[in-house]
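Just so you know, the sequences run in chain order A and B. The opening position of the first sequence corresponds to residue 1 in our numbering, with each subsequent residue numbered one higher. The opening position of the second sequence corresponds to residue 1 in our numbering, with each subsequent residue numbered one higher.
The hints are simulated quantities; they were obtained by calculation from the structure and are not laboratory data. Any given hint could be a false lead.
[What the hints assert, rightly or not] Some, not all, of what chain A presents toward chain B, calculated at C-beta under 7 Å:
(1) N16
(2) G127
(3) A128
(4) E228
(5) E229
(6) T275
(7) Q276
[To be verified] Once the Cα atoms are required to be at most 30 Å apart in a straight line, the calculated DSS-like pairs of lysine-lysine come out as:
(8) B:K100 <-> B:K125
(9) B:K277 <-> A:K139
(10) A:K139 <-> B:K292
[What the hints assert, rightly or not] Covered, in the sense of this in silico footprint (three residues per stretch, anywhere, with C-beta under 8 Å from a C-beta of chain A), are these stretches of chain B:
(11) 72-78
(12) 158-167
(13) 228-237
(14) 292-305
(15) 403-409
Glycine included, each C-beta is placed from N, C-alpha and C at the ideal position.
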Amino acid sequence: MPGAPAAGEMLQQLINAIVFGSVLTLFALGLSLAWGTLDVLNLAHGAVFIFAGYLTYELTRQGALSFVPALIVSMVGAGAATVALEVLAFRFIRTRFANKRQAELSMLVASIGGAIIIDQVVSNETGATTFGPPSSIFKVREYHLTGSAGITNIQILIVVVAVLAAVGLDQWVRRSRQGRAVRAVAYDPVTSGLLGVNVSFVAISTMFVAGALAGLAGVLLAVNLRAEEVAVGQDYLLTAFAILIVGGVGSVRGAVLAAYLIAIAETAVVAYGPTQWRDGIAFLLILLVLLVRPQGLFAKAQFQRA
Amino acid sequence: MFSSRRLRWPGGALALLVMAVTIAACGSSKPSTTKTTSTVSSTSSSVAASATSSTESAGTIPVTFVGDETGLVAFVGKEVLKGMEVAVKRANASGELHGKKIVLSVMDTASNVSTATVKMSDAVKSNAVAVFGPLLSNEALATAPIAERGKVVDIETEAEVGGLLQIGKYIYRLTPSEFLYYPLTVDHLAKLGVKHVNLVYASDNPTLTEESTKLLPEWTKKLGISIGTSVGIPSTTTEFSSIVTKLETGKPEAIGVNMIGPAIASIASALRTSGYKGTIFCDQSATAGSLKPGGSAANGIIYGVLYSPEMSFPSSKEFTKLYEESFPGEKPQGYDATGYDAMTAFADAIAKSGSDTREGVLKGMQELTVAGSFDGGSGPLKFTGPEHREVSGPGALVEWKEGAEHMLVQGTPGLESQPLKAQ
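Given these sequences and hints, build the entire structure.
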């Protein structure tokens with residue numbers, strides 16, 4: 001049947017897009033959370049993402065830890081690194097700059113500094129070369145579907161974890177007491193503080209969750225890719241900006257939908273178009289959205305915040 | 001081999017810009033940091049205020065490696081330096097330098113063009129009689145004119161960019177282009193009976209793009225191998241599933257992965273996980289240990305290399321032995337050999353001219369090129385190209401197996417490029 005291979009290939013590319021969208025979702029959720037609630041455009045998010053992959057590599061290469069404990073420790077490590085940035089830099093900037101724009105710009109620059117430091121640490125420890133956790137920590141197996149299409153167990157895990165993380169974060173921000181505090185701080189930190197919200201704690205816990213989400217994505221990607229280098233995090237950061245702008249800053253649901261939209265668009269270009277234009281897709285979408293709906297496709301107003 | 005990779009994110013670009021401005025400012029106001037390598041005399045050459053020296057120095061021959069010891073290609077720079085250190089040790093012990101000893105200093109470019117130009121200027125102002133590096137093509141293009149204007153021989157390694165040697169007579173490139181021994185890989189594919197290959201390559205890397213879109217199609221055509229899908233992707237790509245699916249279309253007997261960095265192991269792993277059983281071949285970028293993370297999925301990957309510890313040439317065996325003595329427990333790799341080759345040629349030039357002034361080094365290098373070849377760690381290297389200021393080498397074809405390279409074929413020395421024997 002001549003059409004069968006094409007159908008199988010199409011299904012495979014759809015699966016590829018869903019897996020890619022799931023990685024982007026995990027990556028973008030943390031960035032969106034920090035930006036949407038604390039106005040921190042954390043350019044160190046990509047470095048934290050790779051830092052988690054590096055931690056897993058270090059924790060597993062001598063057989064010290066198995067996959068799940070290494071994942072948890074790496075997520076905590078990534079969260080701690082982000083909290084360190086909040087405590088050492090962002091918090092001071094927030095309190096010292098009355099002008100919001102100045103504060104945002106200063107935090108942007110501070111996060112670049114954080115990214116350089118984290119990248120340099122990883123680079124020094126890995127000899128600035130390729131690294132990845134040993135294949136023995138997670139035996140990757142492929143399950144054949146129809147035709148030539150298949151999906152691996154790590155890909156299934158990525159999709160499931162991304163969906164759970166997105167739903168969990170959405171519900172946490174919308175329904176939990178802590179989530180309401182996050183939204184209140186996002187809306188007006190000064191008034192929130194006057195009303196009894198511990199703004200400092202909210203900021204630290206939010207940054208920890210953002211970092212841990214980057215860590216979760218970083219570890220799963222490291223296992224899926226098998227090999228990483230420091231620059232990998234920066235590439236995801238670029239696509240994540242597109243996701244946030246297309247989805248609407250601070251909108252969890254928007255970020256998820258935008259992540260899958262961009263993943264499908266980029267995969268389609270690779271599969272059926274000029275492959276080298278893949279990265280251009282994200283920027284084209286940014287441009288279109290900025291022209292047509294500057295607040296993002298899924299933001300109902302300037303302030304949606306989850 | 002290296003071309004500059006594009007900046008990957010706005011933050012990185014901003015950070016690099018800030019760093020470049022800072023470094024440039026520092027470079028203009030205070031002396032640069034210079035490190036003298038541990039294998040040589042502690043009488044370090046100072047960059048500070050020493051004027052350009054054309055007089056022979058007493059007892060020592062100062063040279064500087066303006067190299068990438070940190071930054072994007074630090075993993076290469078560190079190996080090149082180790083190779084140089086081995087060659088310095090050998091030359092100093094041999095007595096061929098008329099009783100003098102080479103003192104090697106290092107200036108770190110941090111894989112940054114601005115830093116590299118500052119460091120090259122410092123090196124030219126110093127009493128160094130020759131400079132080596134830097135490694136990235138864009139760094140080399142920016143710094144070679146400084147060496148040329150300073151009338152100091154600059155021996156490049158790794159930077160394969162076109163136009164480099166046209167900058168002037170003081171510029172040499174002593175790392176053979178991979179284009180010269182890539183045919184060994186294609187020849188082997190033909191011998192395996194491969195008739196149809198698909199290919200992915202880094203479209204933002206000029207060397208890999210030329211190799212993949214121009215040379216490889218010519219070579220494969222001569223051997224009756226057709227290239228089906230040829231996919232160019234940015235070297236920064238991190239999502240490979242869709243590309244792997246595309247590479248498997250048409251069930252090719254071999255798939256080429258002319259990428260750099262972690263992409264090679266990631267694509268190979270994805271191919272093997274999806275059940276691909278054909279041959280995977282790639283560019284020599286795989287030598288930088290980038291296959292290790294691939295584990296067993298990387299077994300069987302073949303690629304051409306400049307140097308293999310299994311080479312049978314006497315000079316290669318000597319290099320391997322000296323390296324293992326200098327760095328116990330370590331196996332030399334191609335980048336070590338390029339550093340060794342560059343420094344060996346320099347020592348041979350001093351021996352030939354009998355002078356260790358800058359003019360003497362140039363004269364010695366010119367005499368060496370007239371001789372036609374010299375014996376390096378990579379085997380007999382033949383001078384070729386414009387004014388014979390670059391070299392060709394035999395190279396070898398290796399297979400990655402259980403975490404190590406194993407030589408399959410050794411190239412033939414003395415040729416401009418390796419022939420396609422299977423045609």
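For each hint, the structure was consulted:
Interface hint at A:N16: satisfied, since its Cβ lies 4 Å from the closest Cβ of chain B, which is below the 7 Å cut-off. Given hint, A:G127 at the interface with chain B, holds; its Cβ is 5 Å from that chain's nearest Cβ, closer than 7 Å. For A:A128, the interface hint holds, since its Cβ comes within 7 Å of a Cβ in chain B; the closest pair sits about 4 Å apart. Interface restraint check for A:E228: the shortest CB-CB distance to chain B comes to about 5 Å, inside 7 Å, so the restraint holds.
Satisfaction of the interface hint for A:E229 is found here, the shortest Cβ-Cβ separation to chain B being roughly 5 Å, below the 7 Å cut-off. Taking 7 Å as the C-beta cut-off, the interface hint given for A:T275 holds, the closest approach to chain B being about 5 Å. Because the closest C-beta pair between A:Q276 and chain B is about 5 Å apart, less than 7 Å, the hint holds. Restraint check: the Cα-Cα separation between B:K100 and B:K125 comes to about 22 Å, which is no more than 30 Å; the hinted pair holds.
Of the supplied pair hints, the one linking B:K277 and A:K139 holds, its CA atoms being roughly 18 Å apart against a limit of 30 Å. The straight-line distance between the Cα atoms of A:K139 and B:K292 is roughly 17 Å, inside the 30 Å bound, and the hint therefore holds. For the region 72-78 of chain B, the assignment as covered by chain A holds, since 5 residues bring a beta-carbon within under 8 Å of that chain's beta-carbons and 3 suffice. As drawn, the region 158-167 of chain B meets chain A at 0 residues by the rule of a beta-carbon pair under 8 Å; below three, the given contact is violated.
Coverage of the region 228-237 of chain B by chain A holds [criterion: at least 3 residues with CB-CB distance below 8 Å; count 6]. With 6 residues carrying a beta carbon less than 8 Å from a beta carbon of chain A, the region 292-305 of chain B meets the three-residue requirement, and the given coverage holds. Counting residues of the region 403-409 of chain B whose beta-carbon sits less than 8 Å from any beta-carbon of chain A gives 0, not enough to reach three: the coverage restraint is violated.
Violated hints for the displayed structure, listed by number in ascending order: 12 and 15.
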